[in-house]
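Engineer: We have chain Z already, so just place chain X on it with the hints.
From first to last, the protein sequence lines stand for chains Z and X.
All residue numbers for the first sequence refer to this note's numbering, where the first residue is 49 and numbers rise by one.
All residue numbers for the second sequence refer to this note's numbering, where the first residue is 49 and numbers rise by one.
Calculated from the structure, these hints are not laboratory results.
Be a bit skeptical, because a hint or two may be false.
[To be verified] Listed next, with one range per pair, are the computed distances between beta-carbon atoms:
no., chain 1, residue 1, chain 2, residue 2, range
1, X, Gly390, Z, Asn124, 41 to 49 Å
2, Z, Val330, X, Gly125, 36 to 44 Å
3, X, Tyr81, Z, Thr51, 30 to 38 Å
4, X, Val330, Z, Glu71, 26 to 34 Å
5, X, Gln307, Z, Asn262, 31 to 39 Å
6, Z, Val330, X, Asn61, 31 to 39 Å
[Stated by the list, open to error] With a cut-off of at most 20 Å between alpha-carbon atoms, the simulated DMTMM-like pairs for lysine to aspartate or glutamate come out as follows:
no., chain 1, residue 1, chain 2, residue 2
7, X, Lys223, Z, Asp374
8, X, Lys223, Z, Asp370
9, Z, Lys84, X, Glu221
10, Z, Lys191, X, Glu80
11, Z, Lys223, X, Asp374
12, X, Lys328, X, Asp291
13, X, Lys191, Z, Glu80
14, Z, Lys191, Z, Asp159
15, X, Lys84, Z, Glu314
16, X, Lys334, X, Glu314
17, Z, Lys223, X, Glu80
18, Z, Lys223, X, Asp370
19, X, Lys289, X, Glu325
[Unchecked claim] Non-contacting residues of chain X with respect to chain Z, defined by C-beta distances greater than 12 Å in every case (computed):
no., residue
20, Gly60
21, Pro101
22, Ser118
23, Val128
24, Ile192
25, Glu243
26, Gly257
27, Asn262
Where a beta carbon is used, it is the ideal one built from N, C-alpha and C, also for glycine.
Protein chains: 2
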Amino acid sequence: MSTLSLIFVGFGNVGQALARLLERKQTLLDEEYGFKTRIVGIATGRHGMALNPNGLPMEEVLASLKSGESLARFHNGPAVSDTFDFIRQSKADVMFENSPVNHQTGQPAADHLRTALESGMHAITANKGPVVHAFNELTALAKIQGKRFMFESAVMDGAPIFSLFRGPLPAIELKGFTGILNSCTNLLLGLMEEEKTFDEAVSYAQSIGITETNPSADIDGWDATIKVCALSTVIMGIPLKPDQVEREGIRGITPKMIQEARAAGERWKLVCSARYENKKFVGRVKPQRVRPTSPMFSVNGTSSFVQFETDVLPGLGILEGDPSPDTTAYGLLADLVNTVRGQ
Amino acid sequence: MSTLSLIFVGFGNVGQALARLLERKQTLLDEEYGFKTRIVGIATGRHGMALNPNGLPMEEVLASLKSGESLARFHNGPAVSDTFDFIRQSKADVMFENSPVNHQTGQPAADHLRTALESGMHAITANKGPVVHAFNELTALAKIQGKRFMFESAVMDGAPIFSLFRGPLPAIELKGFTGILNSCTNLLLGLMEEEKTFDEAVSYAQSIGITETNPSADIDGWDATIKVCALSTVIMGIPLKPDQVEREGIRGITPKMIQEARAAGERWKLVCSARYENKKFVGRVKPQRVRPTSPMFSVNGTSSFVQFETDVLPGLGILEGDPSPDTTAYGLLADLVNTVRGQ
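Chain Z extracted, bound-state conformation (with noise of 0.2 Å):
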C-alpha cells in the first residue's frame, strides 16, 4: 500500500474543494485502488507557502485560509524562494496545478508543470492554458519522465472528455465537434432571457463568482475558444491556437435579438465548434439562434455540452449538468485514480 505525497500550486476554491474531497475519498481510494494521499506542500498566490514532508495539518490549514492568514506558520524545512524551488523541493510525487488561467502565454502554469515533470512528479492541472500552449512539450517530457501529464477539468470541469477518448472510443474518427463550452455567458444569455439588461446579468454572475477572473475573458469569447483549442489540440491531434479561432463573443446581443429569438421559440446560445470546412479547418465561438431540435436549447445555466461528429457514432454528445468547484475538483481525483492504475 503506497502512500502519494501531493503538493498544490494555486489554492483557491478548486485546489480546496479537491483536498476536502482526497480526505472524504481516502478509504475507497484506498480499499479500491490501492494508494493514500499525503498533503505535503500548498503554494498560494495570495497566501504564501508551506512545505512539510510529513503532512500539513489540513483542518487547520483550510481553516487557516478561511480567516484570510499566511500559510508560513505550517512550513517545517528549508527556506523556499519561490514557485519553482517550492516545486523541486517538495520532492512530492504529484503536483496539482490550479493557477490563474493566462489564455495568451499559458504561463506561469505551464513552466509549474514542466518543473514539477522535470524533478519526476505526474503533474495534473485543472489549467487549459498548458493544454493549448504547451500540450505536445509537456506531453512529450512526461513520456521521457515516465510520468503522466493530465487535465481532464480543463474543459467541461470533471465531465469525462479528455478519458473518454484515452479510453472508452478506440479505433474511432473523430471529425468535429459542436457545444456549449462556457458557462458563464451561457448564464448570462439565460438572464437575459428574464428580461434582465446585459450589464444586470454580468453583475449577477459577478456575484455569484460564476466569471473568470476577467469577466471579457467569458464575455468576449476567449474562455470559449481557449477551450476549442484544448478539445481540437488533444483530442483530434490539431494544435489550433486561439487567434486561429473565428471569435465573437455576446457583447452584440442585444435584449431585442433575445426577444426576437424567443417569440420564434429559439434561444440564443454562445456555441463552439471545430471542423474540416472544404478541406480548412475551422475553429469557432460565435452566437447563434438554436432550435428546439438542438440538443443546446435545453442547456441551461451554468451547464455545458459538447457534441462529437464521429465516423461510427454520428451524435454522441457528453452534458455537464450544474457544475461547481467539487466538480472540477472530481475530474483532477479522477486524473490521479488513472495515472496511478495507468489509464
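Structural biologist: Just chain X now, kept in the frame of chain Z:
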C-alpha cells in the same frame, strides 16, 4: 502480431455491420492495437451455419446472405449439430452473440455466452437479455476462465456507458439515472406530435425497421424496462429484474394528450429512471410530460439519452444521436479492442 479468430452467433443487420466495420478498420486495429481478425464461423437463425478455420470469404458470404441463400456451402469442416456444437467446435478466440433478445429469460443468448466462455473464448454481445438475467453468473465465469464478458451495445447502442463507469469515472458514487432509452417509442411519440395516429406511427416505424421483432416489446415498455434493469445491475450493482420495474408503455397516450402537452410547450416522453426513493430502490418506465428546460426535451427521433446522478458530478448526461446498426456494431468493436488491451 496476433490474429484473433472470431465467430458470430446471430448475423443480422448488426452482425453484418460489424463484419464490414472490422474490414474497414483492419489496418487501424493492426497498427494501433496490434491485432488482426479472421471470421471463422457464422451461425444464423434462418440461413444455416458455416465454419472454416482458415477464415470465411466474407464478401461472398455477405452477398450470399443478401440473396437469401444458405451459408452451408461455405462450411469446411466436421458436421455441426447445433449452435452449441458450432461454438465448441469453432475453437475461436472471441464470440459475438447477436441473437434476438428474449426479455423474460435472456435465452438462448445466455447459454451461448456461457458455452463460449466455458470453451475459452471472450464473449461479447449487444443483447440485453443475458445482461439482465445472467450478468453475475457470466461475469464470474469469465473471471474464472480469464476471459471477458462484454456488452457495451446492450444499452444505447455503441455509446460508451458501461466502459465509462469501468474507466473514466473512478471513485464515483452513482445514485440513480433518468433518461430515454427506447428509440422506437421516442420516434412514435414524435410522429404523433406531427399528427400521425398511433397506428400510422407504428406502421411507419415498422416500415423503416425500427421496432423490435415484437412491437409490443417497445410499445409496452419492455425494451426500456430491460435497459433499466441492465444499467441497475451493472453500473449500480443492484440486480433489478423486469417484473420489479414499475412499467407503463405508451398505449395510453392519446392525440389529445399530445396536443395538450404541445399547447403547454411540453412533450410526452417515455421516461426511464432508477434511484432510491424513501430507502426503496425504484426502477420506473413511465410516459411523462417534459419541459423545454429538461435535456430530454430535445431528444428526437430514435436518439436516446441518459443522465446520471452521482455524488461528484451532479448532472452528467450522455446523448446518443441517430443510431443505426453501424452504431451498435461500433460498440461491439470497442468491446473487442478493450478486451484485447484489458480495459
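Engineer: Hint by hint, say whether it matches the structure.
Structural biologist: The hints, checked one at a time:
1. Gly390(X) / Asn124(Z): 41 to 49 Å: 43 Å, holds
2. Val330(Z) / Gly125(X): 36 to 44 Å: 54 Å, violated
3. Tyr81(X) / Thr51(Z): 30 to 38 Å: The hinted range 30 to 38 Å holds for Tyr81(X) and Thr51(Z), with Cβ atoms some 35 Å apart.
4. Val330(X) / Glu71(Z): 26 to 34 Å: Since Val330(X) and Glu71(Z) have Cβ atoms about 32 Å apart, the given range 26 to 34 Å holds.
5. Gln307(X) / Asn262(Z): 31 to 39 Å: 49 Å, violated
6. Val330(Z) / Asn61(X): 31 to 39 Å: 35 Å, holds
7. Lys223(X) / Asp374(Z): The hint holds at about 17 Å.
8. Lys223(X) / Asp370(Z): 16 Å, holds
9. Lys84(Z) / Glu221(X): Holds: Lys84(Z) and Glu221(X) sit about 19 Å apart, inside 20 Å.
10. Lys191(Z) / Glu80(X): 18 Å, holds
11. Lys223(Z) / Asp374(X): 17 Å, holds
12. Lys328(X) / Asp291(X): 16 Å, holds
13. Lys191(X) / Glu80(Z): 18 Å, holds
14. Lys191(Z) / Asp159(Z): Roughly 17 Å between the alpha carbons, so the hint for Lys191(Z) and Asp159(Z) holds.
15. Lys84(X) / Glu314(Z): The hint is violated at about 49 Å.
16. Lys334(X) / Glu314(X): 16 Å, holds
17. Lys223(Z) / Glu80(X): 18 Å, holds
18. Lys223(Z) / Asp370(X): 16 Å, holds
19. Lys289(X) / Glu325(X): With a Cα-Cα distance of about 18 Å, the restraint between Lys289(X) and Glu325(X) holds, given a limit of 20 Å.
20. Gly60: For Gly60(X), whose nearest Cβ neighbour in chain Z is about 18 Å away, the distance exceeds 12 Å, so it holds.
21. Pro101: At about 26 Å from chain Z, Pro101(X) clears the 12 Å cut-off, so the statement holds.
22. Ser118: 31 Å, holds
23. Val128: 32 Å, holds
24. Ile192: It holds; Ile192(X) is separated from chain Z by about 22 Å at its closest Cβ, greater than 12 Å.
25. Glu243: Fine: 17 Å to the nearest Cβ keeps Glu243(X) off the interface.
26. Gly257: Fine: 17 Å to the nearest Cβ keeps Gly257(X) off the interface.
27. Asn262: Given that every Cβ of chain Z is farther than 12 Å from that of Asn262(X), nearest at about 27 Å, it holds.
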